[in-house]
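Student: Listed here are the chains, written in short residue letters.
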Amino acid sequence: MTTLFKPQEIIIEKSVLNCDLTRRITSRIDAEKMIIDDAEAFIKNSGQPIETIQAKSILLARQRGPFMRFCPGTPRHICCLYRNLDVVEGCDLNCSYCILQCYIHSPYITIYCNTDDMFNELDDAFTKRPDEFFRVGSGELSDSLTFDYYTELGVDLVKFFAPYKNAIIELKSKNVHVDKILSLSHGHRSVVSWSLNSEFIHRTEERETPDIPSRIEAAKKVQKAGYWLGFHFDPLIYYENWETDYKKVIDSLFAAIDPQNIAWISLGALRYPPELDRAIRRNHPDSKIVLGELLPGIDKKYRYFRQIRIDMFRALYRHIRQYSGDVFVYLCMESDEVWNKAFGWSPGNSAILKKLLDQRVMLSE
Amino acid sequence: MIQKKFLRLPISGIIVSDSPFFIPSLEPLEALTLSLQKLGQLTPVYVQSYKQSYRLVTGFKRLDALKQTSMEYIDCYLLSQTISDLALFEFVLEENRVQRDFNVIEISHILARLSETYKLPRRSIIDNYLPLLGLGRREKLYQVYISLRKLPLAWKRALIEDVVSPELAWKMSKAEEESRALFLDMVFILRLNKKLQKEFWHLLRDIASSKACRIGEIIQQTDFQNILHHIKLTPQQKASKVKDHLIRLRYPQYSQVQDRLDGLLKKFKLPPTVRIQPSPFLSDDIFHFYFRAKTTEEYIEHLDRLNHLAEKEKIDQLFELVK
Ligand code: SF4
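In order, the protein sequence lines correspond to chains A and B.
Per our numbering, residue 1 is the first one in the first sequence, and the count goes up by one each step.
Per our numbering, residue 1 is the first one in the second sequence, and the count goes up by one each step.
Honestly, the hints are just simulated from the structure, not real lab data.
Just so it is clear, the structure is predicted and the values come from calculations on it, not from any experiment.
Please note: incorrect hints may appear among the correct ones.
If you want the footprint, here are the derived chain A segments under chain B, 3+ residues with CB under 8 angstroms [unchecked claim]:
hint, segment
1, 17-28
2, 84-97
3, 156-166
BS3-like, lysine-lysine: derived pairs with alpha carbons at most 25 angstroms apart [as the list claims (entries may be wrong)]:
hint, chain 1, residue 1, chain 2, residue 2
4, B, K140, A, K56
5, B, K312, A, K300
6, A, K301, B, K5
7, B, K323, A, K288
8, B, K312, B, K267
9, A, K288, B, K238
10, B, K323, A, K301
11, A, K44, B, K198
Just the calculated beta-carbon pair ranges, DEER-fashion [stated by the list, open to error]:
hint, chain 1, residue 1, chain 2, residue 2, range
12, A, K56, B, L26, 39 to 47 angstroms
13, A, G65, B, A310, 40 to 48 angstroms
14, B, N307, A, W345, 43 to 51 angstroms
15, B, E94, A, K44, 21 to 29 angstroms
Just so you know, even glycine gets a beta-carbon here, dropped at the ideal spot from N, CA and C.
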């Protein structure tokens, strides 16, 4: 079990002092507080090194740009056309492979507290475009539930999405702080999902996260509360016993969870830009993941040699199929060719994949 | 302006031990000794009164070179006793700098002196002294340069001769002595430029980590040594073979497929005007076919040749490889 993150200091941008979320967080965390005029200028002048994601302080700030943005995707790869909700940036769980090590250019965990603006923006988008389906997730620049103990953002999001027919929120996490969402009336407009990995990778690369059985246990509770569930085997990491180890996790998953309640399962192999290679070696010198057969692609990102990826996807896909013929399994950021070779079929393009995923969770009229 | 007074002092009376101004250097003394023998001492050294005698402030090399000659006296400028050691050290840096740039090992000793003898904070050294020494105000540069003085002699010489880069030497300083020595030998044998040194080092580092062995053990393997000491190959040819060898060790599954592909293409016996090329690192199942033709006959000839390969199901084998 992980310990709760205890920030050393809370830095508050003046303009969010009166936001509900600011009040909620400051009333629950006993830490030094500092009020600042402008968050961007403060980060720029703080002189703190930003090379590690082991942030010690929380910054409560105003989101100046839009909260909701399309996931950037990769050219020539099939993307699920997800929308990211940029409400928290940064994480306390310190996974060795975490992409935030090179995405986030702040030494603080930033929580954007002007959530009224966020909900207005979302409502505006959902009501102005009723024919479009919005799959939104808050787990791209953070872990959706890791700070929920203080923020209850998960609660707010579940409640907010409940009445919308054309939108769904995915709370993607490795954490187990689910108690507060269990009794909510969610209207099937939330998917609570977990990133899963093998026990070995949890012990070596995700050391500060709750273990795999605890995550599955949390998923079981959420299943009981009638939510849609999602599971992301991402990043799959290649090592000597990968096949047996990942299959064991799939076995325990299906022993606890009814496939009918699973909205989707994704598989994604370890991939990263060159900057992350350097960050992993610097921040996690004991990590062995950079020693895999990762080769640069046309987008300069490192990926496992194609055959390795296909073998991993194929083996795990077949194993999942032994438990369920119709649970929706998709690949994250892979080409049409890899889809075909690993799964024997491909959505062909991003738009079709989006449609298939949307259909999984759309409410029938 | 520093006040000074000219003196001629006996060489034996100058104190040099434990000097806070000494910057160790590996620069050879021969040329300086020869010049002193021929022309005498052209530039006086600087000294300061110290414990009823004189301590040397600048001119350590000149004094060493003078000791190699039959001269008994040294021309000096006497500096005031009121100047602080740090101010004098800055004067030493300035005096040396106008004559020539410091080499990397001297820079390393200067940084250590500022930190250990003069107890200056790291930030102040980075901001105030790195630019004086021709370096940017970067923490990383400080870290790299200050460590170089601890390297073995062969590495220091390679650095001074600009054969290897300070960054690589710093990275290698974490490896054991034997690995470092073997790596440097390899650099000289293969005449590796700095880019290749870095590439080879990265490959060796990762192979050693995944096999839980030392870099030196990999270099000492028979296959590796056979390439290094092959009598018929040029350094460039050896370097290319060593690189292939390292890539095979680092990326075994990819190399296996690549080797099979190379073997197959060899069997196709294509002329140099026809080329079949996979995507970089076999990242998909696509092959690119290129050919060059000057005449219609040549064009038809190339097409025939490729069609012949297809008829004999040889092209199938190619696609089979990346299935
Ligand atoms: S839980 Fe996710 S966001 Fe947090 S450190 Fe791990 S990979 Fe990064």
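Student: I'd like to know which numbered hints this structure contradicts. Please list them from smallest to largest.
Tutor: 1, 2, 3, 5, 6, 7, 9, 11, 13, 14 and 15
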